[in-house]
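Let the sequences and hints guide you as you build the complete structure.
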Amino acid sequence: MAKYTRTSERILYLFILPALAIYLFFYVYPMLTGLYYSLTSWDGMSKQKTFIGIKNYLDILKDQYTRTATVNTLIYTVVVTLFSNLIGLALALMLERRTRTNNVFRTVFFVPAVLSPVVAAFIWKYMYSPESGVINSLLKAGSLGALAQDWLGDPHLALISVMLVPLWQWGGNVMIVFLAGLMNIPEEQYESAKIDGASYFRRFIHVTLPGLRPAIVFNIIISTIGSFKTFDFIFILTYGSPGFTTEVLTLQIYKHALYTAKFGYGSAVAVMLTLLIVLFTIAELRVLTRNEDSYL
Amino acid sequence: MRTRKPFRRSLPIVVLYVALVVFAFVILLPLLIVIIPTFQTVQESSQGIMRLPKTINLDNYIAAWKQSKFHLALRNSIIITGCTILVNILIGSIAAFPMAIREKNRIFKAAFFMFLVGLMLPFQAIMIPLYILMGKTLKLTNTFIGTILVYVAMTLPITIFFFSQFIKTIPKEMEEASVMDGCGYFRMFYRVFFPMMKPITSAVIIQNMIFLWNDLLVPLIMINKTALKPMMPRVYMFFGQYYNQWNLAFSVLVISAIPFLLLFLLLQKQFIKGLSSGAVKG
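So the protein lines, in turn, are chains B and L. First residue of the first sequence? That's 8 in my numbering, and the numbers climb one at a time after it. First residue of the second sequence? That's 2 in my numbering, and the numbers climb one at a time after it.
Hints in this document: simulated from the structure, not taken from any laboratory. Any given hint might turn out to be false.
Sample of chain L residues with no beta-carbon within 10 Å of chain B, all distances over it, derived [claimed, not checked]:
hint : residue
1    : 187
2    : 228
3    : 251
Under the rule of at most 20 Å between Cα atoms (straight-line distance), these lysine to any residue pairs were calculated in the SDA-like manner [stated by the list, open to error]:
hint : chain 1 : residue 1 : chain 2 : residue 2
4    : B       : 54        : B       : 265
5    : B       : 262       : L       : 218
6    : L       : 110       : B       : 54
7    : B       : 54        : L       : 137
8    : L       : 169       : L       : 159
9    : L       : 140       : B       : 21
10   : B       : 132       : L       : 110
11   : B       : 54        : L       : 159
Beta carbons: idealized from backbone N, C-alpha and C, even for Gly.
Here is the structure:
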């Protein structure tokens, strides 16, 4: 190690400087100002920012809209994370073999993932619309008109309808990561399991799943964070309606910031959302990587 | 590519392909449904929006292109996406380098951790402080440079995460060998490490490009001059104005997605290879 003295170590600090400067100034600094705003009753416009301590945070506990938005965000995150991973895993297992047909299927499943959430949301708004919408038209054409619904307008259905859109869009993305994970499992492990006479199911449990662990960790973390941050879909599809049945925290922060002039309170909600994301991510990392060297 | 003797051949192959076709149908149907009305003439669309058009009629696309001033949105998106990615790769790759080869160093560790937090932070948490900073203090709203700076800051966490994960998989001997050759760290990075980072660089570019090209929120608060709006905010605005003219609205939706879809179909291998090399080597 003594040889390192010949080359200057200090230049390494210079390497991180440009990135760190931009990141600190345009990301960390606004984050800290937001943290400060969350302790004030600021309306976003006036010069005066009255310091009110943790009152906003106590108000969150009493505010039933924020509670609804929190519950919806949690439901959305758990459902979307769980199902996008199940769908992605199923697709990956079905398409593992590299054949020409499978490649076509892979491409097809991945296409929605390169679309903008804006485009996806407008497409599905049209699919779901009660009169001219595609789903209801198809149901009627198939003489299943009785099943036609106001997909986004019915309070019992709206959240479910909304959650199907990210599954449609991201399932293929999750699949790609799982496919890569499958490639990393050594062939020999399958061979020896076969020699031992293990069934498909047992090979899946004892060889595939453990081998896929890095891919599973990655997919679950990314879907969790992405779901907590979801905005475009709900902004375009329902804007939180009917009632507050599809309201999520990001949308609520947006509304507080732009329309209700409760910026201090909105900032407190934003801080809470950030804490939720950090907590979930750490908990997932703990559970998923407990017997291994830490993933990060 | 390695082909594995399929252990799932025990699965009934017919059931498998039926399931795949059904899945593919569910994925593709919404996309096809949106394309139909874009080729309809006015008469055809009055007879029903799902009626298959008799001829390929491009009038809707031409009208939509003109009325949405699509060329401006396209230009703006290319400038913003291109510049962001360039800056992002230049400063992100070199910043990841010390964080990866000096994992134990406390300063680099702290910096890396700070970038990681950025991965989890929802944009809403910085939205208004950023608006005040850019709008009132720096007067950079309605400029490309302001938008690009915000985007660079936003994409740095994922860039640095991917790059450093990748650099960690490069054997330590590479560094030791170049030190023996009397190579400084700057040259070591550009001569030895950066060329090895090609697959992850394309992964990072693709990941960031998907986000940048498709993003709505940042331009929503950074840019309110229509002429400067990139693609998605423009599409969002146009859709609002033409909501009851599906033919035009969907035409804009389709042309906004085409450049990127084409790129994906052309560079599919890089997309998939890129995404996987970053994701799985942990």
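**Asked** Taken at face value, is the distance from the CA of residue 110 of chain L to the CA of residue 132 of chain B at most 20 Å?
**Response** Measuring from Cα to Cα gives roughly 45 Å; hence the hint is violated.
**Message:** So if I understand the rule, the pair passes when the alpha-carbon distance is 20 Å or less; does residue 54 of chain B with residue 265 of chain B pass?
**Reply:** With Cα atoms ~17 Å apart, residue 54 of chain B and residue 265 of chain B stay inside 20 Å; holds.
**Request:** Assess, step by step, whether the Cα of residue 54 of chain B is no farther than 20 Å from the Cα of residue 159 of chain L, and give holds or violated.
**Result:** violated, 36 Å
**Message:** According to the definition I'm using, a residue is off the interface if its beta carbon is farther than 10 Å from all beta carbons of the partner; does residue 187 of chain L meet that for chain B?
**Reply:** Answer for residue 187 of chain L: violated, closest chain B Cβ roughly 6 Å.
**Restraint check for residue 169 of chain L with residue 159 of chain L, where alpha carbons must lie at most 20 Å apart** = holds, 16 Å
**Asked** Has the given pair, residue 110 of chain L with residue 54 of chain B, been kept, meaning a C-alpha gap of at most 20 Å?
**Response** violated, 39 Å
**Request:** Mind verifying the non-interface call on residue 251 of chain L? Its CB should be farther than 10 Å from each CB in chain B.
**Result:** violated, 8 Å
**Message:** Tell me if the straight-line CA distance from residue 54 of chain B to residue 137 of chain L falls inside 20 Å.
**Reply:** Holds, at roughly 12 Å.
**Prompt:** Hey, residue 140 of chain L versus residue 21 of chain B, does the alpha-carbon distance stay inside 20 Å?
**Reply:** violated, 29 Å
**Item:** Pair hint residue 262 of chain B and residue 218 of chain L, alpha-carbon separation not exceeding 20 Å
**Value:** holds, 13 Å
**Message:** The output says residue 228 of chain L does not contact chain B. Does that hold with a beta carbon cutoff of 10 Å?
**Reply:** Given that every Cβ of chain B is farther than 10 Å from that of residue 228 of chain L, nearest at about 20 Å, it holds.
Comparing the model with each earlier hint shows violations of hints 1, 3, 6, 9, 10 and 11; every other hint is respected.
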